[in-house]
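S.K.: Letter by letter, the chains look like this.
Number of protein chains: 2
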Amino acid sequence: MKLLNRAISPLFTKRLLAAACCLSLSAGALAAVVEAAKPGSKAAPKLSMSELLKASAASDWRTPDPENTLYLEMDKGRVVIALAPGFAPMHVANIKALVRENFFDGSAFMRSQDNYVAQWGDPNEEDAAKKRQVKSTLLTKDPELSVKYTAANSGAAFTRLPDVDGYAPQVGHVDGFAAARDPKMHQTWLAHCYASVGVGRGNETNSGDGTSLYVVNGNAPRHLDRNVTVVGRVLLGMELISSLPRGTGPMGFYETAGQMSTIKAMRVAADVPEAERSKLEVLRTDTPLFKAVVEAQRNRGGEWYKRPAGHIELCNVPLPVRLQK
Amino acid sequence: MKLLNRAISPLFTKRLLAAACCLSLSAGALAAVVEAAKPGSKAAPKLSMSELLKASAASDWRTPDPENTLYLEMDKGRVVIALAPGFAPMHVANIKALVRENFFDGSAFMRSQDNYVAQWGDPNEEDAAKKRQVKSTLLTKDPELSVKYTAANSGAAFTRLPDVDGYAPQVGHVDGFAAARDPKMHQTWLAHCYASVGVGRGNETNSGDGTSLYVVNGNAPRHLDRNVTVVGRVLLGMELISSLPRGTGPMGFYETAGQMSTIKAMRVAADVPEAERSKLEVLRTDTPLFKAVVEAQRNRGGEWYKRPAGHIELCNVPLPVRLQK
Chain A
1 MKLLNRAISP LFTKRLLAAA CCLSLSAGAL AAVVEAAKPG SKAAPKLSMS
51 ELLKASAASD WRTPDPENTL YLEMDKGRVV IALAPGFAPM HVANIKALVR
101 ENFFDGSAFM RSQDNYVAQW GDPNEEDAAK KRQVKSTLLT KDPELSVKYT
151 AANSGAAFTR LPDVDGYAPQ VGHVDGFAAA RDPKMHQTWL AHCYASVGVG
201 RGNETNSGDG TSLYVVNGNA PRHLDRNVTV VGRVLLGMEL ISSLPRGTGP
251 MGFYETAGQM STIKAMRVAA DVPEAERSKL EVLRTDTPLF KAVVEAQRNR
301 GGEWYKRPAG HIELCNVPLP VRLQK
Chain B
1 MKLLNRAISP LFTKRLLAAA CCLSLSAGAL AAVVEAAKPG SKAAPKLSMS
51 ELLKASAASD WRTPDPENTL YLEMDKGRVV IALAPGFAPM HVANIKALVR
101 ENFFDGSAFM RSQDNYVAQW GDPNEEDAAK KRQVKSTLLT KDPELSVKYT
151 AANSGAAFTR LPDVDGYAPQ VGHVDGFAAA RDPKMHQTWL AHCYASVGVG
201 RGNETNSGDG TSLYVVNGNA PRHLDRNVTV VGRVLLGMEL ISSLPRGTGP
251 MGFYETAGQM STIKAMRVAA DVPEAERSKL EVLRTDTPLF KAVVEAQRNR
301 GGEWYKRPAG HIELCNVPLP VRLQK
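Chains as they are written, first to last, in the UniProt record's numbering: chain A, 1 to 325; chain B, 1 to 325.
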């Protein structure tokens, strides 16, 4: 990779340098970074995100619950999706029921609209003779657009960003998801960021049953927040979806079945033999380390950046995932 | 397309309906929409963006200057790039000189990093024996990160968004580009949005000479603003770049030459025979109609949206392009 190092622009030069220099981090150094990460602090953190991650403890990471993890198997590989039962329990149950009756096996991405969403499901859903029959009793089509404050989604579980957001009174992260909340209404909801997964619907908010799902493949369409149910996010394999050829029909729908990418299977991770599961860990978002990561991204240091932004937009906060050792 | 209409989620159902109903718009109706678009107005506009565009006048559109338009020719088609000489005159001159000496012909996309940037140039730039020689005398490597207020980039030329932005004191649009400005410093600069094109550089800000260019393919990396020179944006063909397979090396670099997508040629549009040019028009951003379009996107109405956002983030503002009739 030496060949390309000079061509490394515009980002992450410092990460490569950091990766090369075998950094270790004392508890004191971490405490200093965490201190610098406090809102209003003018002290620039000295460690980059990659240095912080290298210095992280095992307890800074968690293993996603296999009962709420989906595998979407494509020809080119596996996409891993984390579900959010705390925010959309009924839709998560619906989707798992559909997955467990193999509803999505042999289904397809029928839409890839540039800088917006890719969508998958039954391409024949409008054809009564050909459409897939749902065997399970689905719980609801009512949308799950926000939830009341609970210990699981507010308080210490909600790591608030220090900065202003145009779409919501407060934004931050809950359990690895980008979220927003309204302290007056005591409501929390998931935000539409790159890689967010939601439930397709028609004009009526209660027309989404989980048989058609979408994933954001472009600039965060936050105007969709609380208009449509978000059920999770892609943890791994997003590049398999984002690189799909864009559909040439209106709204990025493919115009022929042959243009659609087939979904070989969808599975709940818990149903897959353990040896075949993806061994992932995701960074916890309720820790001092995560706050330090956010601050490292709000005000990037290192060799490359000359002007720290002093801000980070909700959907630009990285939510690191790593393979278990 | 009827087949897929029910599957149309989450967006644009209303546009299809609008397109079907042959709307025309009186001057009075447009005036009402423009009135509703004023900052602070609580009146929801009654027309969608697509309805506004259908009702637009010829004078709401402009033809990009062929002397500041680039064609990047790929196997799968043409990418059209609008240059921004008002913001980066030296780099625009460098890039045009490089294009005119055919520097980029046979070059390649050597990087496609998911949710960040794709980058193109000479894959052998680190190899003294193989690298392409620059024949032109390049004007500068100094960055062009912001410009002083002029009539061409502030005042009536700058259509300010009414909403807060986390990265800059004020944001809006100038001459079809997403921009930001600081009224205290009297400086304006281009923002990094999806499809923005910038000049790759190494660690030093004056290390970018235009021989390596990048385009944003994911959520707006606004933290790059004023760290690196933005020279324009993709007007058409962005989907050819965004759907490139992601590179598997660090930072999305491709690991072998065979993985890279070749650039057949780059041309200044003015140098291409008129019959072979892309006949585009872009929506003017200094008009009442554009303000109405922004408002229609800030608070979307129609059948599908139930909760207008009351906000639009800079990089979510659409910058419409159409083929000339």
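Any given hint could turn out to be false.
Lysine-lysine pairs mimicking DSSO-like chemistry, simulated, CA-CA at most 27 Å apart [what the hints assert, rightly or not]:
hint: 1; chain 1: A; residue 1: 76; chain 2: B; residue 2: 76
hint: 2; chain 1: A; residue 1: 141; chain 2: B; residue 2: 306
hint: 3; chain 1: A; residue 1: 306; chain 2: B; residue 2: 148
Across the chosen pairs, the derived CB separations fall in these ranges [claimed, not checked]:
hint: 4; chain 1: A; residue 1: 182; chain 2: B; residue 2: 182; range: 27 to 35 Å
hint: 5; chain 1: B; residue 1: 288; chain 2: A; residue 2: 129; range: 47 to 55 Å
hint: 6; chain 1: A; residue 1: 89; chain 2: B; residue 2: 306; range: 15 to 23 Å
Source of the hints: derived by calculation from the structure; they are not laboratory data.
This one's a predicted model, so the numbers in the text were calculated from it and none came from an experiment.
Don't be surprised by glycine CBs; every beta carbon is placed ideally from N, CA and C.
S.K.: Run every hint past the structure and note whether it holds.
M.R.: Verification of the hints:
Distance hint between residue 76/A and residue 76/B is fulfilled; the C-alpha atoms sit about 21 Å from each other, no more than 27 Å. Between residue 141/A and residue 306/B the alpha-carbon distance is near 16 Å, which keeps this suggested pair within the 27 Å criterion. Distance check on the hinted pair: residue 306/A and residue 148/B sit about 20 Å apart at the alpha-carbon level, within 27 Å; holds. At about 31 Å, the beta-carbon gap between residue 182/A and residue 182/B stays in the expected band of 27 to 35 Å.
Range check, residue 288/B to residue 129/A: about 50 Å between beta-carbon atoms, so the 47 to 55 Å window is met. For residue 89/A paired with residue 306/B, a C-beta distance near 21 Å keeps the hint of 15 to 23 Å intact.
The structure fails none of the hints (numbered hints given earlier).
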